[in-house]
Amino acid sequence: GNSVTQMEGPVTLSEEAFLTINCTYTATGYPSLFWYVQYPGEGLQLLLKATKADDKGSNKGFEATYRKETTSFHLEKGSVQVSDSAVYFCALSDLQTGANNLFFGTGTRLTVIP
Amino acid sequence: NAGVTQTPKFRVLKTGQSMTLLCAQDMNHEYMYWYRQDPGMGLRLIHYSVGEGTTAKGEVPDGYNVSRLKKQNFLLGLESAAPSQTSVYFCASSESGTAAYEQYFGPGTRLTVT
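Line order of the protein sequences matches chains A and B. The first sequence begins at 1 in my numbering and counts up one residue at a time. The second sequence begins at 1001 in my numbering and counts up one residue at a time.
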C-alpha cells in the first residue's frame, strides 16, 4: 500500500540555521510527492511538489528532490526564519483511484527562535 | 475569493448526536475531499467527490456520509457521533484529479465528541 514516514518532531532551530526534515515513502505505483505547510490556526498549503524521479521542487527557499532509489523526498532550507515556524507534512498522491488522493505523513512541527 | 470555507469552526457533541459539516468553495473546482487529522496520524481521507452529484469512499469512511448536491458545496454528516470521531476535519478542493492540480484546504473544524 501507500504510506509516508517523516521525521518525528518537534524541531527547534535558531534563526538562519539549516533545516532538514526527512521523508520516505512506500507506494504501489509511481507517485507524485508533495510538501504541505500548516501555519497556526490555518489549513494546509502546498509548499512544493515533484512529479517524477530526480525532479526538484522549490518554493520560498525550501527545496526537495524526488529520489526514487532511496524512496525519499527530504525537505531542506539553507537559512530558516521565525516566519517558517509551522507544521510540515510530506504527502504522496495515488492516481489509481482516479482522484488525486493524498497520503500524508504525521507532520513535523518546526519552531524557529530569534 | 474566499477559497475554501468550513462551517462550523468548533463543535462539541454528545455521543449519539448527529451533525453536518459544511464545506464551500468558490473556485469552481470539480474535486472535493474530506480529511480527518488525528494526533500522530497525519491526515486521512474520509470521502471525496469528482463532480456534482458524485461521492466515493476514501481510506476511513465508516461512520460518515457525504453529499454533493451543488458543485460548490460538500457536506459531511455524522449520523450517530462516537468519541472515536473526535478529530479536526479538513475539507479540500482541486480543479482536477491529477497531481498537476493543487489541493486547496479549508481552515478546519475541531469536533469533540463526549
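Wrong hints could be hidden among the right ones.
[Stated by the list, open to error] Ranges between beta-carbon positions, derived for each pair: (1) B:Glu1059 to A:Gly9: 21 to 29 Å; (2) B:Gly1051 to A:Glu15: 42 to 50 Å; (3) B:Pro1107 to A:Glu8: 35 to 43 Å; (4) B:Gly1016 to A:Glu15: 24 to 32 Å; (5) B:Gly1063 to A:Glu76: 22 to 30 Å; (6) A:Thr20 to B:Thr1007: 37 to 45 Å.
[As the list claims (entries may be wrong)] To list a few chain A residues with every Cβ distance to chain B over 10 Å, as calculated: (7) Val4; (8) Met7; (9) Glu42; (10) Leu44; (11) Gln45; (12) Leu46; (13) Lys49; (14) Glu69; (15) Glu76; (16) Lys77; (17) Ser79; (18) Phe104; (19) Thr106; (20) Pro114.
Calculated from the structure, these hints are not laboratory results. Predicted model, so just to flag it, every value in this text is computed and none were measured. Positions of the beta carbon are idealized from the N, C-alpha and C atoms, including for glycine.
Range agreement (Cβ of glycine 9 (chain A) with Cβ of glutamate 1059 (chain B), hint 21 to 29 Å) | holds (23 Å)
Nearest-CB test (10 Å) between chain B and glutamate 76 (chain A) = holds (21 Å)
Cβ distance range 24 to 32 Å for glycine 1016 (chain B) and glutamate 15 (chain A), holds or violated | Taking Cβ atoms as reference, glycine 1016 (chain B) and glutamate 15 (chain A) lie about 50 Å apart, which means the hint is violated.
Find the nearest Cβ of chain B to the Cβ of leucine 44 (chain A) and say whether that gap is larger than 10 Å.
-> violated (4 Å)
Reported absence of serine 79 (chain A) from the contact zone with chain B (all CB gaps over 10 Å) | holds (26 Å)
Is it true that the C-beta distance of threonine 20 (chain A) to threonine 1007 (chain B) lies inside 37 to 45 Å, as the hint says?
-> holds (38 Å)
Taking the closest pair, is the beta carbon of glutamate 69 (chain A) still more than 10 Å from chain B?
-> holds (20 Å)
Taking 10 Å as the cut and beta carbons as the points, is methionine 7 (chain A) off the interface with chain B?
-> Given that every Cβ of chain B is farther than 10 Å from that of methionine 7 (chain A), nearest at about 13 Å, it holds.
Non-interface label on phenylalanine 104 (chain A), tested against every C-beta of chain B at 10 Å = violated (4 Å)
Is the nearest Cβ of chain B still more than 10 Å from the Cβ of lysine 77 (chain A)?
-> The assertion about lysine 77 (chain A) holds, with a minimum of 20 Å to chain B.
Are all beta-carbon distances from proline 114 (chain A) to chain B longer than 10 Å?
-> holds (27 Å)
May I ask you to test the hint 35 to 43 Å on the CB atoms belonging to proline 1107 (chain B) and glutamate 8 (chain A)?
-> violated (26 Å)
Checked against the numbered hints above, the structure violates hints 3, 4, 5, 7, 9, 10, 11, 12, 13, 18 and 19; every other hint is satisfied.
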